[in-house]
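Engineer: Line by line, the protein sequences give chains A and B. With the numbering used here applied, the first sequence closes on residue 484, and no number is skipped along the way. With the numbering used here applied, the second sequence closes on residue 537, and no number is skipped along the way.
One should not assume that every hint holds.
To be verified - Counterexamples of contact, computed for chain A against chain B with all Cβ distances above 10 Å: (1) Phe32; (2) Arg38; (3) Glu136; (4) Ser152; (5) Trp278; (6) Ala411; (7) Ser418.
To be verified - Now the in silico label distances, taken between C-beta atoms and shown as ranges: (8) Ala104/B to Ile50/A: 28 to 34 Å; (9) Thr317/B to Val154/A: 54 to 60 Å; (10) Thr360/A to Val321/B: 38 to 44 Å.
Hint data in this document are derived by calculation from the structure and do not stem from the laboratory. C-beta atoms are modelled at their ideal positions from N, C-alpha and C, and glycine is treated no differently.
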Amino acid sequence: MIASLNAIVPMACVAAAGIAAMIAEAFTAPGERMPIAPLGLIGLIGAALAVGALWDHNATSFGVVVADNFGLFVTGILVVVGLLSLAISAPAIDRTDLPRGEYYALMLFSIAGMILMATATDLLVIFLALEVLSIGVYVLTGIRRDSSVATEAAFKYFLLGAFASAFFLYGIAFTYGVTGSTRLDRVGSVIAAQALSPSPMQLLALGLLLVGFAFKVSAVPFHMWTPDAYEGAPSSVTGFMSTGVKAAAFAAFVRVFLSAFEPLRASWGSVLWPIAALTMIVGTVVGVAQTNVKRMLAYSSIAHGGYLLLALISGNDIAKSAVLFYLLTYALTNIGAFGVIVLLEDHDRANDKVTDYAGLWNDHPALAALMTVFLLSLGGFPPMAGFIAKWYVFSAAVKAGYTWLAIIGVLTSVVSVFFYLRIVVMMYMTPSGESIARFPAVPKLAGAALVLSALAIFYLGILPTRFIDLAAASISSIF
Amino acid sequence: MHFPILTSLVALPIVGALALLFVPNDEHGDGTVRAVALVVSLLVFAETLLLWYHFNASSAEFQFIERHAWIPAFGISYFVGVDGISLLLVVLTGFLTPIALLGSWESVHKRTKAFAIFVLLLEAAMIGVFVSLDLFLFYVFWDAMLVPMYFLIGIWGYDRRIYAAVKFLLYTMAGSVLMLLAIIGLAYIHSTATGSYTFDLTQLYELAIAPSTQVWFFLAFALAFAIKVPLFPFHTWLPDAHVEAPTAGSVILAGVLLKMGTYGLVRFAFPLFPAAAQFFAPILATLAIVGIIYGALVAMVQPDMKKLVAYSSVSHLGFVVLGISAMNMQGVQGAVYQMLNHGVSTGGLFLIVGMLSDRRHTRLISEYGGLKKVTPHLVAAFLIITLSSIGLPGLNGFVGEFLILLGAFRWNPKMAAFAATGVILSAAYMLWMFQRVNYGPVTNEKNTRLVDLRPREWFVIVPIIAMAILMGILPNLFLKPIEPSVQRMLNQVQQAAPPARLEAKR
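Next comes chain B alone, as it looks inside the complex (with noise of 0.2 Å):
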């Protein structure tokens, strides 16, 4: 395939940006701010579902390769391509945007035409992130993607918006500046070892690193990932960004921004720092577990329900965490199905709860109340969407969870039995909330009068639940494009570090 596919999906939005630079900027203008946004995420969709449809799902190799250099001197180059793992998080992302530019429909009032520029600016960055295969290239994307999420948490965010946005900023930063420098010193390693510099990950994946020099490098990536999943201690942004931010900013951050942590994790930390990751695999693992029961237990008792899918975000992720830990096929497989799950069923609670807290203005649990009298189509849509996020068989949620566990059983059966507390965990906390909002009498006089699903909620929420369903009846559809490149990646894990080493290390 000759069409630049990779480059157009990351160009697209930003071409549709600036074209709405020059939509004029008056009451009548938002209509059509709107519905160019809307379109160029569509397209951008589609363009995603293309890529998937002509990608060899057999082939564990990098496709749609583009390399051209870019700053020679030093051998960085615009090296992009996708793989198994990089392939649905692409449409992931393609997926998200639209839906969340649809969910803001109403909510955004003010400036609407600089929140769709940032909000396709964000998804020119989130694709470049997940097709970036040169390292210099990817840490361009990975920070310039802060920025637009700085200011649709800034400026459109709720009431402590200034300091979330700030907050978010200055963490995700602090974390990824080491991994910047670690990123130059492997270039420069990979200049002594053979006399170029490259920043070209397929050819990093060779290099053969000292272990002990290795421990250092997988620290600085490891520290930039950990805190963008957000891996137990380094979570506090994340409640604040998640409660501050706009409904959309909510979306795009708990569907697609905290994948780039776990995609980090699989695409770059363990691969190319084999010996150090098989060391600190336990170490990630245990945090990631006390992450799962920690993020359950916090967000039981929040009476904010956005508080409370935040902090169920830390305990998702904790999953992943574990299940790359495992390091071996259900656990990683798993891992990756599971940053889809998220995405989706996440996304779809993030997305309810700005429903309704657009026609009520409230998010706290004890403002609301036997719901399901007054709204039973959006009562039905929610609890469709918690089902899918506590992992109910049939739903994407549990086909997720289930592979994670088999894995991390396979590979310590301890760490398995803890986190499967985190399942039980998130049935309770998911189902109490889901009581309190829906069931029971209407105790509040406002709530009598709420409006069901409007037209344009039904576009948005029916596509989540039919994603669910799909993903929980045949996540062999997903799977299999997933398994080779995971395989391979494996592959290089484990040449590297010999299994014997790993049951001394057991």
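This is chain A alone, in the form it adopts within the complex (with noise of 0.2 Å):
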């Protein structure tokens, strides 16, 4: 009875942490500051300690949740997403007075629910924990109730999200119809018995459940509430949930996809490739023409997610361990460069503009030399984590075939350098606009963490034997 429940050991760490950060706020005399963030570390701490136990022990509970290497993966990255977020959130909250308890309580749950989605085998748990990091990020996004754009990023998430929600249910209902179960077994092998000729019944609950999906990864044309919710949340949100919400979301969507629906790849194939080919051009050329740094790192991490697309199309062994590293990458640059974000706002400032970022070479440039590793990262140059991440990608493509979605991959990514360099430009070449000490100073924390994650960026950019042969060990226990 107690080993059944060692698969949901990682989730329940960080929800106990959730739950603790919750009383602790209420028994918080007013004016006391309670060490409520702390709880979180020792949460995701406790967390990253059952990754490590349970590694290569395939764990089960109830069935429906599965700790296979693959889960735990995505857990390990949940995982650092979770401490860097704790990081770079300490100053947001100090600055633009947020309310610590529900902010740290929100998020943590939201966490437990990405672990949860991560490692679900049954469509059904998979909804639920979809809701549960969901609403999460839909009231952390909201969190700052005085600022009207906040409040209406908030609402349009939500909403959409909801819409979305409800495409997601109601094809798990088709499923069940077509299948008889929501397991993911069981459905996968219903549908494996009937490839041949698929009912299109089932080729509704495919469908159904692929605008779910889309809508999570921001996946174009499900992409439209994602450059108004990632600039109207606050910036630690939106470093948060742009990785957070996506390893989640891409984690279930390769397990989805790549095993139970993986004999009906020719029907969803060819609606996806379409899908990823937009996502990527409209994520560049758009991102492109963005003058607040935050909408523009929003349609990077469309664009970005088109690059997973990719390797979710391809399909075979290398996309899926390609999936697994991308996530990795793009959680430690995304979150870093986030962190620079937050580190330049002020409480009566938000300074993200790219305009706002001319000349922080004279002013900061620490911070400017960390925001050029991060963003160079995001282009995909080596010596960086992002272009091992890019090759891998690419390399998955070109072997499944798929060269000329290779083609659109690689020059897309030329167009992203180009707006990752209009920052990069302002940064080092260009005169600063005000007084020089218009940015307020680096908690060490924050600083460290960025330093760290610049630092693990090097080391996956240049040794990345270690992690890839992880990635590559982590897929070949389930597919």
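From these two lone chains plus the hints, build me the complex, please.
Structural biologist: The structure is reproduced here in structure tokens:
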């Protein structure tokens, strides 16, 4: 009985930390400062230890949650996302007066939902996880209640997200109708048996699930909410959701589409092909026109979703491990970039226009250097991790024969370099617009977290073997 | 030899750059920064000479090989080595970097530390490109090199530097990403043929690829290299980048970076895809000749000295591509020799222009005139480098151009005839510019009090002149190590596509 709980231990650790955060908040006297962030830290470390202990054990709980290496790898990524998010959240909360207790509790519950999503093997549990993580993120998006932009963003996100959830749920209902189960293994065996002539109902179920996932990974044309939500949310939350939600959603996406619905690949592949192409193109081309850094990174995040879709379509072994490696890299770089944005914010100034970065090199050489590392890695320059990740994805696509999609991918990544460089141009090649002392001082903890992620980016870029092997080993256990 | 000399050549500038990070960043620190950077780059140069000294010139094989598994799952290894073709390019890189640093000793006032760091990182990446024998590793250095150059142009350049820097980076990258896909495709073809991935160049040389497939791969590689060379009509980034870059940037850009395009053709595009290379060689040669003549004509009408030298590069690099396309001993050997020449003489020209513009803050030819009376030593140096650039016998330029034309003539006399007009044109535009700047009366009041060569500038310019003379009178010193490797590469190309086919094509 106890042993059957093993698979949910990582999630439980984080959820317990979330509950503890709520209780701690409730018992804090007004004006007193409670160390709530360390609770989250403890929970995340617990989850990380559990990942280590469960590795290679394929533990299963209740038949619907399985801690296989694939899920654990993603859980590891989510722990990294959580730790970095905690580190960059502290200055954001201090400077913009966000409600501390609610903030951490919601973030931790969200992470718990993400972990569940990455390890669930039943469509209903995936839906449950999706809702847990989404509700946390919706509220976090609008947590600045005095800001109309944030409220609008949260409302848009919530409304469109609710639609997507409905699609997803409807897809589950049809899947159950066709196969008589919501468990991925049973769904898979029924579909495999009829793979030669799929019924219209099966395709309908497939399409509805696809829409649900496409919304969560902000694939074009379901990406409309992304720029608004990313711009309106507090920067620390944007960094968190752009990486965490993406990692969890792609983990489930891969699990559902490359295991249960694998036999229907011919059908969903032909639909996903144009979606992936459009996602890469729209993300980069529209990104060029942005003047707000957060909005620009929102479009960049859409484009990166496109590269991940490219891997998903390719569907071979390289592709599956490439998704894992890419998600890890993306988590480190994107939270890093948003971390820099957070550190440049002040309580009365957002400093998030591209032109606000003019001359940052003179004021804050270290932050400018870190931002450059993150941006160049997002653009895919060696010796940063982003290069290896892109190369990995394109290798998968070339091997699977999707050469044209790969060509679109590399060309759009050149376009994306153009807008990443605009920030670099501002930081290094444009004289400062205003007074030197306009940026707040950098808190040590957040600074250290950013330096660590930059070092990790170089490590993954120069010596990626360890993690490539790990990713390859992670997927061999389930597919 | 057990000492990993090539790795140390790549690592030394990086270590130097990291060390510079810890030098204090104030007025007092600038001198230290310059000294450290110069010492590091001189050490690298000394090491490249050591490399040459230990190099076995009679062997065609790759030497000083080091190989370590890097990403074994994909057959990617850290695999470096040099042969006669890359050896001298490494030496050239080592030779030009300290000169470039010394040449910008005074013209770079702001952010000296960052400047030195970027130059050293650039040097490491350039050496890396020339010594890589693993395609993945090569691509990593090839792409990584763009970043420091981008910063050098963008931060320390002239007025339109940001435009030039971004254009340089995007142009080069747009060309090279398709090459990345081609590299992945090659490894994939190797895995279907033999069951394992590899990016090892020596193994990929052995791979038999269907000619119809070769065409696509060749095009992807050739596009990347043609942009880098730059071959007409892909040259439009070059005048911008050259003109806006600071002197050190121009010297390195012209001296070393442009050679990577032609080096890539010799090392990768031609031997990996011989059948496609035979097919496309006449087209490449035609574009090269168009570039030779076009570059020369455009250079002739430039009012700006730096722009003139930039367009002359288009013309000179056209000769190199022509020599490679000829695919015979004289042509390719001449092409490799001309790469070195161009590095020395165009590097020298940019240094001279830099010295003039440091003094007068203008590069317009019309602003000068009669300098011979004011700064006789500088003009003398200018004259020697000009003559070396136009190929006066006894100086370096002659040997390369002569060999290339000889090779081209053996291949296709018409091509050689057209290309030869470029030699005449280059004499015309260079000498005309030289005449307007240096002879006649001193028309501009501001020029009357110009300072002649300073001691530091003597140290910059004398090595260049010495090298130009040495390469002019002792060409065999340089041609000898090149020959066996070129022969081996020609064998690779010709084995795959028998001469009979070549005859039919003609």
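Engineer: For each hint, tell me whether it holds in the structure or not.
Structural biologist: Going through the hints against the structure:
1. Phe32: Holds: least Cβ distance 48 Å, greater than 10 Å.
2. Arg38: 37 Å, holds
3. Glu136: 38 Å, holds
4. Ser152: With a cut-off of 10 Å, Ser152/A remains clear of chain B, as the shortest Cβ separation is near 34 Å.
5. Trp278: 17 Å, holds
6. Ala411: 6 Å, violated
7. Ser418: Not fine: 7 Å to the nearest Cβ puts Ser418/A too close to chain B.
8. Ala104/B to Ile50/A: 28 to 34 Å: At roughly 30 Å between Cβ atoms, Ile50/A and Ala104/B fall inside 28 to 34 Å, so the hint holds.
9. Thr317/B to Val154/A: 54 to 60 Å: Once the Cβ atoms are compared, 58 Å apart, the range 54 to 60 Å for Val154/A and Thr317/B holds.
10. Thr360/A to Val321/B: 38 to 44 Å: With Cβ atoms ~43 Å apart, the hint holds.
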